[in-house]
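Participant: Given next are the chains, with one letter for each unit.
6 protein chains.
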Amino acid sequence: MMEQCSSLGKIALLVAMAEGGLIEGYVESAREKGFRVATGKVGSMDMQKIIAAVETAAKREGLVDERYRSQHALYHAILEALQGLGRGPMQLGDVLRTAGLRFAIVIGPRILSDKDDLWIAVGMYGMIGAPIKGHEHEVCGLGINHL
Amino acid sequence: MMEQCSSLGKIALLVAMAEGGLIEGYVESAREKGFRVATGKVGSMDMQKIIAAVETAAKREGLVDERYRSQHALYHAILEALQGLGRGPMQLGDVLRTAGLRFAIVIGPRILSDKDDLWIAVGMYGMIGAPIKGHEHEVCGLGINHL
Amino acid sequence: MMEQCSSLGKIALLVAMAEGGLIEGYVESAREKGFRVATGKVGSMDMQKIIAAVETAAKREGLVDERYRSQHALYHAILEALQGLGRGPMQLGDVLRTAGLRFAIVIGPRILSDKDDLWIAVGMYGMIGAPIKGHEHEVCGLGINHL
Amino acid sequence: MMEQCSSLGKIALLVAMAEGGLIEGYVESAREKGFRVATGKVGSMDMQKIIAAVETAAKREGLVDERYRSQHALYHAILEALQGLGRGPMQLGDVLRTAGLRFAIVIGPRILSDKDDLWIAVGMYGMIGAPIKGHEHEVCGLGINHL
Amino acid sequence: MMEQCSSLGKIALLVAMAEGGLIEGYVESAREKGFRVATGKVGSMDMQKIIAAVETAAKREGLVDERYRSQHALYHAILEALQGLGRGPMQLGDVLRTAGLRFAIVIGPRILSDKDDLWIAVGMYGMIGAPIKGHEHEVCGLGINHL
Amino acid sequence: MMEQCSSLGKIALLVAMAEGGLIEGYVESAREKGFRVATGKVGSMDMQKIIAAVETAAKREGLVDERYRSQHALYHAILEALQGLGRGPMQLGDVLRTAGLRFAIVIGPRILSDKDDLWIAVGMYGMIGAPIKGHEHEVCGLGINHL
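Residue numbers (the working numbering), protein chains in the order written: chain S, 1 to 147; chain X, 1001 to 1147; chain Y, 2001 to 2147; chain Z, 3001 to 3147; chain D, 4001 to 4147; chain V, 5001 to 5147.
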């Protein structure tokens, strides 16, 4: 699916859902199409730490600069992805659950053919559940914002 | 990614994200692994119509039967997917936005290797935005429930 | 339980949960203890109609007067009870579900022995589910506010 | 009310609302009708601790087993009951309030006469308020899920 | 307060709160400082109509152009202001209440002295209440987004 | 605007938005009209501390007494103001943001000319953002309750 993929959000989701060797190939493929991509993983019972992990990955890769403006865009894209993660309460440890996620931040036009303004997408995919081994199921989130 | 895919939620997301000829192949691939799959599309400013479209597709394909129990499981999986869609307010036309979605309902174990109880996943992927052509961006949702 | 019951919220819940001949006895018992009580039933896919039914019952029984102040107290007690009813989205038909409820509005001290200021409680009990016969389960809500 | 009571949610609420000697009698009455019941009490400013207390009581009484499936059903029934408790924000200490609760977990058919599948109900009843003695009012919550 | 006012959000609030002859003076004062301002009023039981009224005023005044990007920024600023308005459920008629508002949309730097990127603020002020004359109290909302 | 201002909520907002020497003048002006006013400031990543700061200011100024009733009214007015502050999740540090606020608590009739019952308003105004200097924008909240 990645080869034909030309939209920002789908790229963020596919990279977040990729495993092992597939990840680097997907990231490369997205970069060749002109998208900027950062990726990472995080496990926590703290929403705060998940937000910080995504922000750190984005900064390290140069997807956001020191201006508040770009970080504000990223922050709200993260919050929107976390709504898909939380599916109601935007809480983890506070409601006795934990999450292990892989995430991708992607910058580019909404659709390749559209060459419009730049947007930012945050895709998350992983497991959520009780702090007991194996007591978890999949979860995903996608947030998109204008840059 | 679909070939190696052995988890319920990822299958639901990949089928929902597939386009054109890819869809049928993905559905076949999932069925060969033992998952039961229904898929469909819906566009509306009404959350109610989106819920009804998913429920109808699941019934038509025999994924839920006439018992309340299975429909209760499906309903709450849909509501959870809609949280990713709405990212806060679980409303569409009421807050002046519309959505065009493709969705997949998948039944099977959480992970192929685990052969545990049956679970149900609802994946949604599409566009959300103002009721103005082109004023939209991608959105996705995933809900998972025990059956 | 009703005989020993001396607290506002429990009375509202017990009256809302009572059926048939029990209702009138419970209401009488509460009134003898000095509580003012109104009760009613409503079935709807509209939150708006449920709110209106409770407000109408309270007015008819003289539990609220024409001043905004008392109606503001009642309104917020209703909204709080509806949170227990909705358990997340405060919506019914919009998310394809319907509710059939019995409710009670009770005015009095929080606890009989405390003779403090007057408070208002709204208790709701009934069934919520899909608009399909038998596809429903119990639901309850309790809202309490100072008067 | 308990004698005639034949529905899952009402039993959970009545047991949670019972005091003193009444509790054991109500639990016995429910068990004679074929329902399985666990009960307990918890006071905390931590949602997390309330969830853990209910889960522990359910496990100790054998209402859930080691499989994720049954614990997933219980967890979501708890979360729904907590919505009635929180009436908006699903937070306690974070918004400077504390709760003291009695709770009941009940497993059985939705209605005795229906002998359908097993469902699980979580009923909670108690006091919520500021961390100041006497500055509190009643609160209740009910969550129901298919097992 | 308006003369010394040099921040985006405060200007949006003050203009929305101004009455009669004061409005035009406040708008002029803000424009002289370099802010772009649109203002209007709307009364409705429909969140949708309030959103549409703000969007229309912003377009008429040229604060947003035909590109999705600027309308996306405005839309989310409106949604955030509506959270202050709704204080929980982002609903009006659905929960039997109505609102009469004056609003202001302001574009400029966050603070005059900072000459950073352009941001957009939506301020709302008015009355919310039951659909009964006089049964209403004040309400306000402020949403701010990067442009 | 303050001179002509005769409504409870607008006074709370204007006092919260005032700076420096303006504050005392605004408070005096409100008191001369018969309103009771308390004011303060607080910065925190903890919703809990913001609530406590407002409650403490109200008590110190004698706006609420030792009875639960008046503190219940204040508490819910604060929670409503915090909805405008949070604009969705009612969380600060948990979602990696911090707030610096000035607030005002005002008691009086809803409108001077109406001499009806006493109501309480909580107005908040300040900055919210990432825990990085300058990465913040304005925020406001208003909660109103019958006393």
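Just so you know, the hints here were simulated from the structure itself, not pulled from any lab data.
There's no promise every hint is true.
[As the list claims (entries may be wrong)] Here's a subset of chain X near chain Y, in silico, CB distances under 8 Å, partners left out: (1) S1044; (2) M1045; (3) M1047; (4) Q1048; (5) I1051; (6) A1052; (7) Y1068; (8) Y1075; (9) M1090.
For glycine and all other residues, C-beta sits at the position ideal for the given N, C-alpha and C.
Participant: Taking the closest Cβ pair, is X/I1051 under 8 Å from chain Y?
Facilitator: holds (4 Å)
Participant: Tell me if X/M1047 is really an interface residue toward chain Y, meaning its C-beta lies closer than 8 Å to one of theirs.
Facilitator: For X/M1047, the interface hint holds, since the closest Cβ of chain Y sits about 6 Å away, which is under 8 Å.
Participant: Would the hint on X/S1044 be counted as holding, given a Cβ-Cβ threshold of 8 Å to chain Y?
Facilitator: violated (12 Å)
Participant: Hey, does the X/Y1068 contact hint survive, CB to chain Y under 8 Å?
Facilitator: Hint on X/Y1068: holds, closest Cβ of chain Y at ~4 Å, below 8 Å.
Participant: Return the status of the interface hint for X/M1090: holds when the least beta-carbon distance to chain Y is below 8 Å, violated otherwise.
Facilitator: OK, holds: X/M1090 within 8 Å of chain Y, min 5 Å.
Participant: Under 8 Å is the threshold here; is the Cβ of X/Q1048 close enough to any Cβ of chain Y for the hint to stand?
Facilitator: holds (5 Å)
Participant: Does the nearest C-beta of chain Y fall within a distance shorter than 8 Å of the C-beta of X/A1052?
Facilitator: holds (6 Å)
Participant: Can X/Y1075 be said to touch chain Y, with a Cβ gap under 8 Å?
Facilitator: With Cβ-Cβ at 7 Å, under 8 Å, it holds.
Participant: For the restraint on X/M1045, tell me whether the closest CB of chain Y is nearer than 8 Å.
Facilitator: Cβ of X/M1045 sits 11 Å from chain Y, so the hint is violated.
Consistency note: the structure conflicts with the earlier hints numbered 1, 2.
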